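Asker: Chains as they are written, first to last, in the numbering used here: chain A, 5 to 329; chain B, 5 to 329.
There's no promise every hint is true.
Since copy identity is lost for identical chains, a pair holds within one copy or between any two.
To be verified - Straight-line Cα separation of at most 20 Å, SDA-like style, residue types lysine to any residue; simulated pairs:
(1) Lys201 / Gln302
(2) Lys273 / Glu184
(3) Lys146 / Gln318
(4) Lys273 / Ser181
(5) Lys273 / Gly147
(6) Lys273 / Gln185
Just so you know, these hints were derived from the structure itself, not from any lab.
In this text the structure is predicted, and so the values were computed from the model without any measurement.
Here is what each chain is made of, one letter per residue.
2 protein chains.
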Amino acid sequence: MINVAIVGYGNLGHGVRTSVERNPDMELVAIFTRRPAQVQEEVRGTPVLDSQEDVATTDVQIDVVILCGGSKEDTPVQGPLFIRRFNTVDSFDTHADIPDYFNRMDDVAREFGNVAVISAGWDPGIFSLERVIGDAFLPVSKGYTFWGSGVSQGHSDAARKVSGVVDARQYTIPLESAIEQVREGTTPGFSKREMHKRVVYVIAEDDSEQDRIRREIAEMPNYFAEYDTEVIFITGEEMQRDHAAYPHGGFVLTSGQTGKDNRQILEYKCQLESNPEFTGSILVACARAAFRLKQSGQKGAFTMLDIPPALLSQHSGDVLRSSFM
Amino acid sequence: MINVAIVGYGNLGHGVRTSVERNPDMELVAIFTRRPAQVQEEVRGTPVLDSQEDVATTDVQIDVVILCGGSKEDTPVQGPLFIRRFNTVDSFDTHADIPDYFNRMDDVAREFGNVAVISAGWDPGIFSLERVIGDAFLPVSKGYTFWGSGVSQGHSDAARKVSGVVDARQYTIPLESAIEQVREGTTPGFSKREMHKRVVYVIAEDDSEQDRIRREIAEMPNYFAEYDTEVIFITGEEMQRDHAAYPHGGFVLTSGQTGKDNRQILEYKCQLESNPEFTGSILVACARAAFRLKQSGQKGAFTMLDIPPALLSQHSGDVLRSSFM
C-alpha cells in the first residue's frame, strides 16, 4: 500500500480523497489543513493535522503528500516545505512560473533525497504531454490547444470584482468552427477571438445596472476584451441549480506533415463532468509514480514529461505488456 | 547528431528516411537491406549494407538501428541479431507475442549493454500509451479502441488469397454510431460487428465469378465473417488511381467515473494520410529516446510505456518546461 496524505481540503482535496478510494493500492493516511477541527468533523477515521504546525513533527507514516491548495499562495510555500520530509505531488498551474518553480523544487528535493512531481493535472499535465509527443512525432507541425466548454475560476473571479456583481460563473467555450478547420487539415493562425468565446452568468445586486455591468465585464482587458463575451443575468436560485458543478474539458490538436505532403492530425480530447475530481485522479496516479521513482533511488523534481507512463499505472509491466499494448 | 541506420527498405523504411530528414538532430548513416545493389541505385550518398552479411563487421558509426521489416519473419530474427551491436527500435506488432518478444530482447540487450525499444508505432505504441494513461487516471472505466478508416495489410492479404482475386485492398471502417455512444457517456459492451465494418476493393480475374468471390471473402472466419463486409469490384486502373495511398487512423476512448457519478471521457484520435510515414516518424522519435537512455547508462528492452516522454523530443527539458507545459 502507498500511504498518501492530502494538504488542503477544498474541491481538489475532496477529488483526491474520492480517487484514492478507487485505487486499491493506495490509502489515505492523513489530511493537513489550516482548519483541523472543522475538517476532523467531516472525515472521521482519518488523522487530521495542522498544515502550519505538524509538518516537521508528525509521526504518521506518509509516502507521498498531494498538495491541493492554490497555485498563487499555497503551493509555492507548501511545496518547498513538505518536500523536505516527504515526496510531493502538486498541480502548480501558473504556466509562466513553472520553470522557476521546477528549479526551486528540484534543488530542495535533491538536497533532502525526495521526489517532487510538479504541475500535474490536465493542463499543465496530460495536455503538456500531448503537446510534447505531438511535436516529437511530427516535428513539422502546428499545435493548437482549445479549452472548454467549462468553468474558468480565474475569469469567474474577475467578473465577480465588477461592482454590483453578487456572483458570477464564467464558461470558456471553444469555437467548433475553429476546431473543424484544424481537423480538416488546414493550419490557420487564429486570433484569441477566433478560438474561444466566453459566457458569463451573473447575479446582479440591482437589475437596473445590467447594461453597465455587461459593458464593464465585456471590456475588461486580458480577461474578456479580446473575446466575444456574452453576459447573461440570472437569479441566485438559477446559479445554485444550474451552475454548481465544475465541468471542463478541452482539445490538443497537432497538425503536421510527413514525406512530401501527407497530412497527419493528432487530437486529444477530454470531456469532464468534474474538473477537480479528474485533476485529483491524475494527482493520485502521479503519487504512485513519485513513490516508485523514490523506491528506485531517484530524487529531484519531475513533470509528467519526465515520468515513464507505466509508473502511473496500478498494473505491473507484465500485465501492461500482455493486456494494454 | 544521432546516427541512425535503417534495416529493411520498404514502405516503412522510406517513411523513416523522410522523417530523419525532418529531425535536425538525426542523420541517416546506413541502410541495411537484402538487395543492396538495387537500393544503392536509389539512395546515392548513403552507405548501403547487406543485412545478412555486414551486421557484425561494418565499421559505420551507428547509434541506433531502426528495424523496418515485417513482424512475422523479419523482426523476430533481426531484433536479437542487431541488438548485440547496436541500440534498436522496432515496430513489432503481433500483439499476443509482445510479452515473449520483450523478454527475449531484454535478455540479449542486457547481455550486450544496449537499449531495445520494441513495439513502437501507433498501435502498438501511442495507442498503448493512451490506453494505459486512460486506465491509470480513471481506474473505474472502460476502454475502447476503434481503428480506421484505413487500409489493413493483413486483411488485404487474406482477400488476395481467394482464388480468382488478382488484387485486393481492405479498408477497416469504425462505426460512427458506436463512437458516438461512447462519447455520450454510455459504456456499452460491443460485438465486433457493432464497432467496425470492412470494405474490400477487388480486381477479379473473371467478372463472372464476382458472386463466388464476394461470398468467399465475406464468409472467411477470423478476418471477415464477424463483420459486415462489403466487396466492391474495380478495375486495375481504379486500384492504381484510388487506392495507392496508405491512409489510416483510429480512436482510443476511455470512459470512466469519479466521485459519486461524474462521467469523465478521454479520447485520442489520429487521422493519417500515410500510415508508414507516421509510423516512421514515431520510430525516429523513439530512436532519439533509445540513444539518450543508452547515454544515461540504461540497458535492456523498453516499450513506449517505459520511456519518459521528454526523451522523445528534440527539445531540452528547459524548453519543454517553458514552451510546452
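Asker: With reference to the structure, classify each hint as holding or not holding.
Answerer: Against the structure, the hints:
1. Lys201 / Gln302: neither (44 Å within a copy, 48 Å between copies)
2. Lys273 / Glu184: So Lys273 and Glu184 pass the 20 Å test inside a copy (13 Å) and across (14 Å) alike.
3. Lys146 / Gln318: The answer is between: 15 Å across copies meets 20 Å, while 34 Å in one copy does not.
4. Lys273 / Ser181: Both. Shortest intra-copy (16 Å) and inter-copy (18 Å) distances satisfy the 20 Å Cα cut-off.
5. Lys273 / Gly147: both (14 Å within a copy, 15 Å between copies)
6. Lys273 / Gln185: The answer is both: 16 Å in one copy and 16 Å across copies each meet 20 Å.
This entry does not satisfy hint 1, going by the numbered hints stated previously; all others are met.
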